[in-house]
Structures are given as structure tokens and as C-alpha cells.
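Enquirer: Protein chains in written order, with my numbering: chain A, -3 to 295; chain B, 1494 to 1726.
Source of the hints: derived by calculation from the structure; they are not laboratory data.
Do not take every clue at face value.
Below are the BS3-like pairs computed for lysine-lysine, each with C-alpha atoms no more than 25 Å apart in a straight line [claimed, not checked]: (1) B:K1542 with A:K146; (2) B:K1542 with A:K153; (3) A:K153 with B:K1723; (4) A:K139 with A:K88; (5) A:K179 with B:K1563; (6) A:K50 with A:K107; (7) A:K179 with B:K1723; (8) A:K230 with B:K1723.
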Amino acid sequence: MVCKAEQTELNRLESQVDNGGGGAWEYLNLIRKLKVRRSDDVVKYGSPILNDPKKRSALGDDEWTLYEQVAVAAMDCQRLDIAKDCVKALQKKFPESRRVGRLQALLLEAKGLWEEADKAYSNLLEDNPLDQVIHKRRVAIAKAQGDNLKAIESLNKYLEIFMADHDAWRELAENYVSLQMYKQAAFCYEELLLSQPTVPLHHLAYGDVLYTLGGLENLQTAKKYYASTIDLTKGTNTRALYGICLCASAINQLSKGRNKDDKDELHSLAATVLENEYKRTAPKKLALLSASLKSFKLA
Amino acid sequence: MAEDLVLDTAIRDWVLIPLSVVMVLIGILRYFVSKLMNSPPSPDSKIVKEGQVVIRARNLKQAANFIPAKAFRTRRVYFCNEENGLLHVPKGQAQNAQAQMFSDPNMAMDMMKKNLSMIIPQGCFTKIPFPLTQRFRGMLQNGIDLSTVDVSYVSSRSWYFLNLFGLRGLFSLILGEENAMDDTQKMMQMGGFGMDPSRSLGAEKDNLDILQHNWALNKFEQRAEAVLRKLVE
């Protein structure tokens, strides 16, 4: 995730390049360093550099890194002709390279030739059984074919070895959620919480899953995680505010008549903040909000 | 007893300066040779897995208070279970790693190279321009057994060691960041490397066994309340 200073730098460079002010190379470098997905820009500004032999030779050895970057970006934009040219140039320069092999398999993937791509990746894996990127590409192939179960299976196998890869855990969690396997998704989110405890997104997602699982204990836990999200985001996260209201009303429903010593203040505070937020940003929907909040309080 | 020793300028010209120059050159040479000889590390999948297990166990220890108690307990059992827990290392495996380390040809060659460059003639040949206390005697006059010689006179062996550690900075300038005096690092690594994986697994297991879970989320609810209250006002 990109921090604020880098984000502003990126935007500044983008506007500078957009207005024809040069600095395309720095912009592309920053995109590559931050691993931001701006494929349109990369293709738009990268191809003229590559097509102009003078500018290309001015880059020196970085030329090949640029080829790789533009190739991947072109595949992302489905500009397969550009991608093929870049990969061909790289292949000529580095004939036996594993990195170029990966790009070629990626090109097969982009064309939709799943079987060939999978075979290519398996071949590459024989020489380098511990290449993380290749493993992840195979999962992506399974997912692109719509075979979520196979994707989950491959991800699990990947995570047996590389269990500290939090991006993989996140992908697995989202897969489980899409298949409504919430208990397993909760486990994955716990892993994420362990590796990055201060990222509010994980608290929020975990709260969501717990709320969906239902049951009094899960609801109370979910409420706590929504609260921690609010704390980490200083009350700006609308979804967490909603989450608190929903949890409180669901808990009330489940424990009807039983101990009502729950701190209701959090719930009403959240409702007030929500109303203020809506008044400020979406006043037309305020009526909708008030109606739903009223129904929560009644329930 | 503090007469000035008269030092032959020939010693200065032929020992001091060439020693430093040769050390710099040897360092650069060693760097390039290691780059040529170095095949990209082909790590065993088992070693990678162990490394990742350690990271995961460490995460668990550090952030244990962020997940519910039941989840923590499940994970602790998963890691520390006596029979098939991830961190449990049967005794036989510990020996294996050490034997592997000694048979690694790279390290043997490096040890030889280091011994070669250790052979340096002894003698007293330079004087540090500033006065020093007696305590530095052990550091600077390694090999000279005269206690009357002023501490400012440095022996060549000590000069070699001074260079060894001092040129680290110079190397990092010339050779870029990766190879600032690889040797000392390797020496430190070699001591701990053989036993490292199994020992760190055992250490993590002990850490987890001791850990008391104290769920932090309760506090968070109160803090959220405070935050929201401030927002409302």
C-alpha cells in the first residue's frame, strides 16, 4: 500500500507528464517501484520511449526493464501486439532467461490460452520450484477460468510453503468469501491481522465476516472489530459506523429481554456521526439513513 | 622512557602504504570473484518453509492480542503440538544442518583466503599523531611485548586489523551497498548458521508456550467511543 507522500509525488508526476512537461521516465520508475497498477499510462508513455531508438539507447541497461514493464502493462490493456513486440525484443537479448520465460507464459495467458500457459508455467517450475510469482500466476489462471475451488486448492498448497505471504492470505480470504465459506475466510483474515495488525482494512473485513457468520458471540466480536476500525481510522470509515449499528441491533434482537447492560452509547454515537457525515456529503440520502437507523433502534 | 623511536622511512614506504593498498585491492578482487563464483542460491524448499514458519510464528507472538482467544489457542496448538506441530524439531534433524554447513565449498575457500592474508611480518613501524592512554596498548600493539614503548606506536598486525574494520566504509563506497566487508559478516554468520533453523524454531516454540493472551479489542471499544464522542462535539 502506498503511503501519502509517495501518492502525492505520483500524482504530481502524472499531471506533469499529462501536460506535456516531460519526466515520463521518472514517472514510469515510480510506478514500477510502488507497484501501482497504471497500465494505460505505462503504455502511453513507455511505448514512445521504446520506439524511438535515440531515447532507447539513452536508457542504457534500464531499457530492458522498461521493455518488461511495458509488456506487462500492454497485456493488462489487451494491446497484445505491443506486448508481443516487447517480449520478442527481450527474447532476442536474453534467450535462456527465466524472467523472459515468465513473460512469454504471461502472454499466452493474456491471449486466453490457459492450457498452454499452464504447461509453460509447469515447465518453468521444474527448473525453479520455489518461484513465488509462477505459483501465483497458476492460481490466477484457475481464477480466470472461473474455477474458484481449484484456485483455493492451489493457493493452499502455495501457502503451505510460503506461509508468511500476506497478499496470498488476502486473496485466499476473498476467494473463500466469494464461495461463502466464511469460517475459512475468518481464519485467513486472522492471519492477516497477525501480520499487519494496524491496517484497518483487515479489522473491517474480519468484522464483516464475523457479522455474516452470525451468532451472539460472533456478533459481539464483530462489534469490537468495527470499533477497532473506527479507532484506527479516527471515525472516518462509514462502513464501520454502519457495522456498529447493525451489530448492536442484531445483538439486541438475539438477546431480547436478557441482560441489557450493553453500552448503548457506542451505538447511538455511531448513529449520530453517520447522520452528520451524510448531512455533510450526501444530504439527499439523509432521509434514507434516518429511516434505516430508526428501524435498527426498534429492532 | 618516552624517547622517540626513530622509524625508518623505508618501513613506512614499503609496509604501511602497500599494506593498505593491497588490502583494498584484495577486497575488490574478492568481491568480483565471489560475484562470478556465486551461483544463485538454490534454497531447499524445506529451508524456505522453515524460514516462513518462523516469520509466521513471530507474527503470532507479536500480534497475538489482536485476535480472539480461541483463534490464538488453535494456532498455538498448531505450532507447538508435541507430535506434529510446526515448530517441534525432532532431535535428529539438528545435527544435519551443521554437517551441511561444513561441506559447503565456498566457505572453505574463503577461510583459506583469509588465512593467507593473515601472514604479515611483525614489527613496529608507525606512529599515530595523537597521544593515547595505556589501555590502547592491547589493541594497537598486538604482538609487541615491550611495555615501555609508547602506545602511539602501532604494530603492523594491529595496523592490519585497523584496516580490516576501517576499510569497510571505503568498500561500501566503492563497491556499492551490498558488499561492505563480507568477510566479517560471514564469520559472524558461520557461528550461528548451522544450528540456526532448528534453534530458532525451538526458540519460537518456547516463546509461544509462555505467551499469555490478553485480548486488546476490549480496550479498542472504549477508545472508539472516545473518538466518536470527540467527533460529535
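Enquirer: Does each hint hold? Answer for all of them.
Expert: Going through the hints against the structure:
no., hint, result
1, B:K1542 with A:K146, "holds (22 Å)"
2, B:K1542 with A:K153, "holds (12 Å)"
3, A:K153 with B:K1723, "violated (47 Å)"
4, A:K139 with A:K88, "violated (32 Å)"
5, A:K179 with B:K1563, "holds (13 Å)"
6, A:K50 with A:K107, "violated (32 Å)"
7, A:K179 with B:K1723, "violated (36 Å)"
8, A:K230 with B:K1723, "holds (10 Å)"
Hint violations for this structure: numbers 3, 4, 6, 7, all remaining hints satisfied.
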